[in-house]
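J.: The residues making up each chain are set out below.
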Amino acid sequence: MVAPGASLVPLVPQRRVARPWAMLAASVAVAAVLALPLVFLLIEAHGAGVANIGRLIFRPLTGTLLWNTVRLTVVVTACCAVIGIGAAYCVERTDLPGRRVWAVFVVVPLAIPDFVVSFGWASLSPWIQGFHGAVLVMTLAVYPLVYLPVVASLRGADPVQEEVSRALGVGRVRTFLRVTLGQARGAILGGCLLIALMILAEYGAFEILGFQTFTTEIFTEFTIGFSVPAACALSLVLVLLSVLVLGGETAARGQGRTMRAGPMARRMTRRHPLGRAKIPVLCGFALLTVLALGVPVGSCLYWMFARTSAALSGVSVASAAWHTACYSGAAAALSTLMALPLALLAVRHPGRARRLLERSTYLVLAAPGLVIALALSYFSERYADGIGYQSQALLIIAYAVLFFPLALTGVRASVTQAPVTFDEAARALGQRRLAVLRRVTLPIVIPGLAAAFCLVFLSGVTELTATLILIPTGVQTLATQFWAYQQNLSYGQAAPFALVIIAVAAVPSYVMGRWFDRLPKRSEKLS
Amino acid sequence: MRRTAPGKQRKRQAGRRWRAGLAVAAILAAGPMLAACGSAATADSIAITLYSGQHVQTTDSLVSAFEKATGITVNVRSDDEDTLADQIVAEGNRSPADVFFTENSQALEFLQEKGLLAAVAPSTLAETPARYDSPQGDWLGVSARVSVLIYNPSLISKSQLPATVLQMANPKYRGKLALAAGETDFQPVVTSVARTYGQATALSWLAGLKANAAGHMLPDNETLADEVNRGQAAFGLLNQYYWYRLRAEVGTAGTHSQIAFFAPHDPGYVVDISGAAVLKSSKQQAAAEKFLAFLASKQGQEIIGHSISFEYPIASGVTTVQPETPFDQLQPNSITIPELSDGSTAVALLRKAGLL
Chain A
27 MVAPGASLVP LVPQRRVARP WAMLAASVAV AAVLALPLVF LLIEAHGAGV
77 ANIGRLIFRP LTGTLLWNTV RLTVVVTACC AVIGIGAAYC VERTDLPGRR
127 VWAVFVVVPL AIPDFVVSFG WASLSPWIQG FHGAVLVMTL AVYPLVYLPV
177 VASLRGADPV QEEVSRALGV GRVRTFLRVT LGQARGAILG GCLLIALMIL
227 AEYGAFEILG FQTFTTEIFT EFTIGFSVPA ACALSLVLVL LSVLVLGGET
277 AARGQGRTMR AGPMARRMTR RHPLGRAKIP VLCGFALLTV LALGVPVGSC
327 LYWMFARTSA ALSGVSVASA AWHTACYSGA AAALSTLMAL PLALLAVRHP
377 GRARRLLERS TYLVLAAPGL VIALALSYFS ERYADGIGYQ SQALLIIAYA
427 VLFFPLALTG VRASVTQAPV TFDEAARALG QRRLAVLRRV TLPIVIPGLA
477 AAFCLVFLSG VTELTATLIL IPTGVQTLAT QFWAYQQNLS YGQAAPFALV
527 IIAVAAVPSY VMGRWFDRLP KRSEKLS
Chain W
54 MRRTAPGKQR KRQAGRRWRA GLAVAAILAA GPMLAACGSA ATADSIAITL
104 YSGQHVQTTD SLVSAFEKAT GITVNVRSDD EDTLADQIVA EGNRSPADVF
154 FTENSQALEF LQEKGLLAAV APSTLAETPA RYDSPQGDWL GVSARVSVLI
204 YNPSLISKSQ LPATVLQMAN PKYRGKLALA AGETDFQPVV TSVARTYGQA
254 TALSWLAGLK ANAAGHMLPD NETLADEVNR GQAAFGLLNQ YYWYRLRAEV
304 GTAGTHSQIA FFAPHDPGYV VDISGAAVLK SSKQQAAAEK FLAFLASKQG
354 QEIIGHSISF EYPIASGVTT VQPETPFDQL QPNSITIPEL SDGSTAVALL
404 RKAGLL
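Line by line, the protein sequences are chains A and W. Under the numbering used here, the residue at position 40 of the first sequence is numbered 66, and the numbers go up by one with no gaps. Under the numbering used here, the residue at position 328 of the second sequence is numbered 381, and the numbers go up by one with no gaps.
For reference, chain W alone in the conformation it holds in the complex (with noise of 0.2 Å):
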């Protein structure tokens, strides 16, 4: 065996050495490393923690409009409303949460049955209509969507379009409608059906819109617009505000889809309210309450209507500046609020057509 030179043996044992002790030190730098990573949370100012179902291009502006106008901190969660209202109920009297802003109303419906909601100031809801908030006063209405055909005009015509809502399911359009029937936004729309035309209606209406999407079952409206617009589907069904927001993002240049209306008074042309809620376990129900104050104000409801978000705000006064049929114009279904209720019946509708 061939001997190693002992300076060679003493460099080896040196090398050695630098290693166990360069591992070493970065294990034990790895203490003050992660001390550092914990976010610095300053209790000179108060904070409220805000969960968003809504999506950031509403809330940021609103947020940070409102931290600058009260100089309360708002630390947001954004995730899906139905996860979020889960770990709502999950945490209990120790959430965290103080504020619950959500994208549909069903979310907050199911809280309120729970009893978690803490009831909203009267003067607060004075300044939105009262067919938008709560019944019971626990929730407070923000803003507004309404429920339209997104449509490609180089695969289909504006006249070959369904003009309500269950000719939707018509064999003529097998192949050529997108569907996103996990979108929480879909579920006012079975429940609008279900309510007018009875279960048994709605059930076979979801077996033909299922065939008629086969190929095109999507998992969100996002994707729904895009493809759309892509040309890799005729139309499908969203919220008003998905069109204007791709058309933000493309330019009217990519643009190569339009939107079109249900004929009025359809069970398809539903408004679907938007809201914010305090929740009763919250430990700063005054600042919480200023927050859903600054939601309902005219500063609030300005900043809505002029920002990316093209929802409709829903303050009396306020419109929206962007190009989209006013709010007073549009001529939806008459369903109401409670009976949008927590989207259980939707929901069970969809699960026994298989498209949950």
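Just chain A, with the same shape it has in the complex (with noise of 0.2 Å):
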């Protein structure tokens, strides 16, 4: 019997392949951890009662916030769809002039936090408000999160089909929709699903635009009137909302899998002349450079030297880039490992129990970071005598589990490509199981574990509600002092903090367009 999702002609007979009992436990473990916000939220709701819940879900208030919600998530996410899988073909696809320079240009915006951007654009407009503020914002905020895998799936695609699909007679504009898009389906597919789970757990750049959400909702009940269960309810729909995402995104990815039969096999796609297009694209990506990274960089450069405040106390610029640094980079470390087993078992031992385990981790993204920080709070109180409250640990554990799909993600991708039968020619040559481990997956895995280490990292130094509950006292990461200046109307002072941060988070990206960019280098050479 072949195994599923293997090339279609096996280099050695097959055997039973073991049931992998330690990638199982690993994987269990790691998802009854991301478990834990949801069960918090089950607690905190079931002590308020059914009545009061009842009487808090189904008011007026509740329908604005869902149609708000839920037409957001849609215009956002096409948006980003458009953007991303436009500025990926071109980049990927085309001949565009100066494109190492555009694909750096295109990820950076990803480096700027959410509530840097609403402040740049907020306090350049008065109209830049409400629901078009916020697509605005949002848009610009987080299409490289579609960009990225598309990029990444493009570059790693078989042109043979595009080929072949030419040959047969379909045009141009046919064959990209039906062959090209196909082919990268995945990739859109778990760049919109990022990309909707984040819109729903997104709160301080709506709360500056004014835009009333599901999550604006929950802060203001957790910060007004005392009110925990009354939140923890109103989190539960957004959670009941995540699982319907989820659920439309694994329906519209359906059964097809794309996998390379080998690195060695393919080929350079040839690149399509943009001929008097050119001109046109080139405006747009300048465009795309000025909206996503300008306005947000100018702004803050434009607070640094135009207002004089009274200078406040806080810790200064390089203490609280280190005690970010350090706290992200732990947690991506953390979030990446945590990764591994459960997208190796996922994509090397599918079964539908085992889907459905890594599946379920996504809930967590549409947990706002202040559940999870006070679900983690809960659980060490409770259970864990109160160990690890306001310390370093819990916190960049919270980062860990906030973050865990957006490394569940590029682990998985970058798995995919890693296929089973090179790990039993391994055996069957006579290698044991950790050689293979090491010699074999872990090589072609690294650059998918680099970009998502990368991507949590630079999640991590944008982070902010879980954070300020969490972190210790008298220690601030970038996020948290810029929040404290801006909620003080000291601009001026939290200007040189927000462009750090934007500093700090732009290596990793960059990082992670090079990762990309050296891939076919690696393929080129060893053909």
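Be a bit skeptical, because a hint or two may be false.
Calculated from the model, a selection of chain W residues having no Cβ within reach of chain A, i.e. all distances over 10 Å [unchecked claim]:
1. S98
2. I99
3. A174
4. A216
5. Q220
6. K225
7. G228
8. T249
9. Q252
10. G261
11. A339
12. H359
13. E377
14. D381
15. T389
To spell it out: a stretch of chain W is covered by chain A in this simulated footprint if at least three of its residues, at any positions, have a beta carbon under 8 Å from a beta carbon of chain A; those stretches are [said to hold, decoys possible]:
16. 109-118
17. 131-137
18. 267-275
Stretch by stretch, here's where chain W covers chain A in the computed footprint (C-beta under 8 Å, at least three residues) [what the hints assert, rightly or not]:
19. 228-242
20. 490-504
Treat the hints as calculated values from the structure; they're not laboratory data. For clarity, every value in this text was computed on a predicted model and none was experimentally measured. Each residue gets a CB set at the ideal place from its N, CA and C atoms; glycine is no exception.
Put the two chains together into one complex; each comes in its own frame, and the hints tell you how they fit.
T.: Printed below as a string of structure tokens:
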């Protein structure tokens, strides 16, 4: 029996694959940790009483919030998909001049925290508010989440299918829509999923723009009226929404799997000449860079030199940057490590229950950072005798849990490209399991791991709400110090912190871009 | 298949080993790096932890002066006062907090009802007027603030402003009002309106405010002051010190707004108290009480009166030097601290009106 997902021509006779107990145990442990926030929500909501919860959920405001949240998610996801796919195609498959530079500029906006983007736009013009403001800000802030996986997919895709399609007489546009996009379908859907879930959980940006969604309402419940159970009840509605989003994505993805037969068989895809479209496309990229990168950075620079404020106390930029880098780095390493067993399990030993296990971990992305922080505090208070409360360890675990789905996406994508037949060939040649992992699997998987690390790192650098709760007293990260200054209208002091956040987060963004850039060179050397 | 020269192969292997070694070194270095990250806590001097819901402008100078005077280190944790109150309740008797300093009295009343506050030393309470302290003696009033109207003279003249708080809901102000309904500073005004006119009138008043402030619903009072100053909204309701802080921030040249009071004793003319308390769970009760004593002392109150906080010190004999209306010349509504309670009525009304 051919194991699903393997290439059609097995290199060695199939053996019965033993149950991967170690991986299974590790995966269940990881999924259990990620389920803690949801368990917390259920416990707290139960404590509030069904009648109370019913009253809170079924009021007119909920209808408004639902409508706002749903329409924003749909519109932003659609816009990001269009921009991400368009940019990825232009950079990857056309002869766009200065592609390397554009590739960097397109990815770097991911380094800018959403609340800085929204702060930059809101201070630019009073008309950037409400629904339109939120669409603009969120699209510009998160479109790289679609761009990155699509670029990776386009780069790794086999050009044979497109050539066959053209040879059979299918037009260019139809080939693009059916074959190219079809090959990248998994990546597109994965990116859209991340975007949809992140919008559901976004708070800071919407608070500045005055746009009410479920999450802003949850924060209001937490911060006013001392009603944690009410906020938890609303969070459960949010989790329900994310279950729907996940279900939709699974349905759209279908059973199809794309995998290379092997890196050696890959040829370079020919790049399409842009011709007359070159100038409009270049203008488009320039506009995107100005909007996504120029406005927030420019706004920070403006505030740094425009306002004179009485100096409020706070930590130095260097101290905040050091702490930020430490916490984010540790969390990124932890998150990537946690994602590895789940990804390997899901791809190498698929089964319905295991797939469900893997998908369930995505739910945590819909829980606002505040909920995760409170959940971890609650469990450490109740069951771990308060060890680790307001300690770095708990904060790092919170980051790792918060951004786990981002790591999982990256690790999963790269594990998909390491077929199990290589491992089996190595085992058949006499290598031990661990040696196989070290010499065969890891080298193929490392670029994806690095990308996952970078993605979690730069998400950690820009995290705000969970940090405010869990950070040790007296310590500040770049984001919390920026927020403290911004809340007190001390924009002059806040701006340098925003700029340093962008600088610190831009490094992993650039590294991610370069990692993806390296892949074809390696395969060229091998052939 | 092209074969690579043996020399090149060896070089490539060496390069691979280098990279692998570097990666391992980086991971190993992460451990000590993380340990170095930990904030070094020296146990030489006594240290207390302050959970502060007050603005940094107020706490900064107070904390540094206290540390200099007594040698006790103060670790400050700043956040929204309701979040901190929630945290204190969740932490229970394992709470690391020793002192809780809030912006409004509601959070302290809330904790007092839960029995989490320790009694304040009578000598400290004697420094401030009794009507501004907790009637049960569990928390200390430190500074006062009064609710005012901030307006932009180029968009609305002083005579056109609502003279009473109920008039704010008048349809003639549609599109002119900016409102920060989620601010804890707004709750005392709502409580006061409900106390004077009843809940039904308060609800219709809130509905009127919601209609008037459509398009100008803001998250906090700083943004409100900024918006009115920039001319994006005509007027709004906030506490007096926000305007003075804005003026200190942008200078007289950048100030395009003014403040105005409601009619004397109007329910909208509310004096709200910022207070501090020692937590019952604190392990440093003596040091915490010292901090409270410092806040109520002449030195502490003078710092408040002369700092960029612009709040009113309430100890007898201390006046603000800032060009604010002197505290004893204010004519606020007669609502008392117990009547302001923990703000639950206000929050329920705001929820019902759809503002929260």
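J.: It remains to establish, for every hint, whether it holds in the given structure.
T.: Structure-based check of each hint:
W:S98, annotated as away from the interface, keeps every beta carbon of chain A farther than 10 Å; the closest lies near 14 Å. W:I99, annotated as away from the interface, keeps every beta carbon of chain A farther than 10 Å; the closest lies near 15 Å. With a least beta-carbon separation of about 25 Å from chain A, W:A174 lies farther than 10 Å from that chain, consistent with its non-interface assignment. No beta-carbon of chain A is positioned within 10 Å of the beta-carbon of W:A216; the least distance is around 29 Å.
No Cβ of chain A approaches the Cβ of W:Q220 within 10 Å, the least distance being about 25 Å, so the stated non-interface status holds. The non-interface label for W:K225 is consistent with chain A: the shortest C-beta to C-beta separation is roughly 22 Å, beyond 10 Å. Distance check on W:G228: its Cβ is at least 13 Å (rounded) from any Cβ of chain A, clearing the 10 Å threshold; non-interface status holds. A cut-off of 10 Å between C-beta atoms confirms that W:T249 is not in contact with chain A; the least separation is 22 Å.
Distance check for W:Q252 against chain A: the nearest CB is about 16 Å away, which clears 10 Å, and the non-interface claim stands. Against the 10 Å criterion, W:G261 stays outside the reach of chain A, whose nearest CB is about 18 Å from its own CB. No Cβ of chain A approaches the Cβ of W:A339 within 10 Å, the least distance being about 20 Å, so the stated non-interface status holds. Distance check for W:H359 against chain A: the nearest CB is about 13 Å away, which clears 10 Å, and the non-interface claim stands.
Remark: the non-interface label on W:E377 is consistent with the geometry, its nearest Cβ contact in chain A lying 17 Å away (cut-off 10 Å). Listed as outside the interface, W:D381 is consistent with that label: its C-beta sits roughly 27 Å from the nearest C-beta of chain A, beyond the 10 Å cut-off. Non-interface call for W:T389 relative to chain A: holds, since the shortest CB-CB distance, roughly 22 Å, exceeds 10 Å. Check result for the stretch 109-118 of chain W against chain A: holds, 4 residues qualifying (beta carbon to beta carbon below 8 Å, three or more required).
Check on the stretch 131-137 of chain W: 5 of its residues sit with their Cβ under 8 Å from a Cβ of chain A, so the three-residue criterion for coverage holds. Given as covered by chain A, the stretch 267-275 of chain W passes the check, having 6 residues with a CB less than 8 Å from a CB of that chain where 3 are the minimum. Against chain W, the stretch 228-242 of chain A contributes 3 residues with a C-beta closer than 8 Å to a partner C-beta. That satisfies the three-residue criterion, and the hint holds. Judged by the Cβ-Cβ criterion of 8 Å, the stretch 490-504 of chain A is covered by chain W as claimed, because 6 of its residues qualify and three suffice.
Of the numbered hints given earlier, the model fails none.
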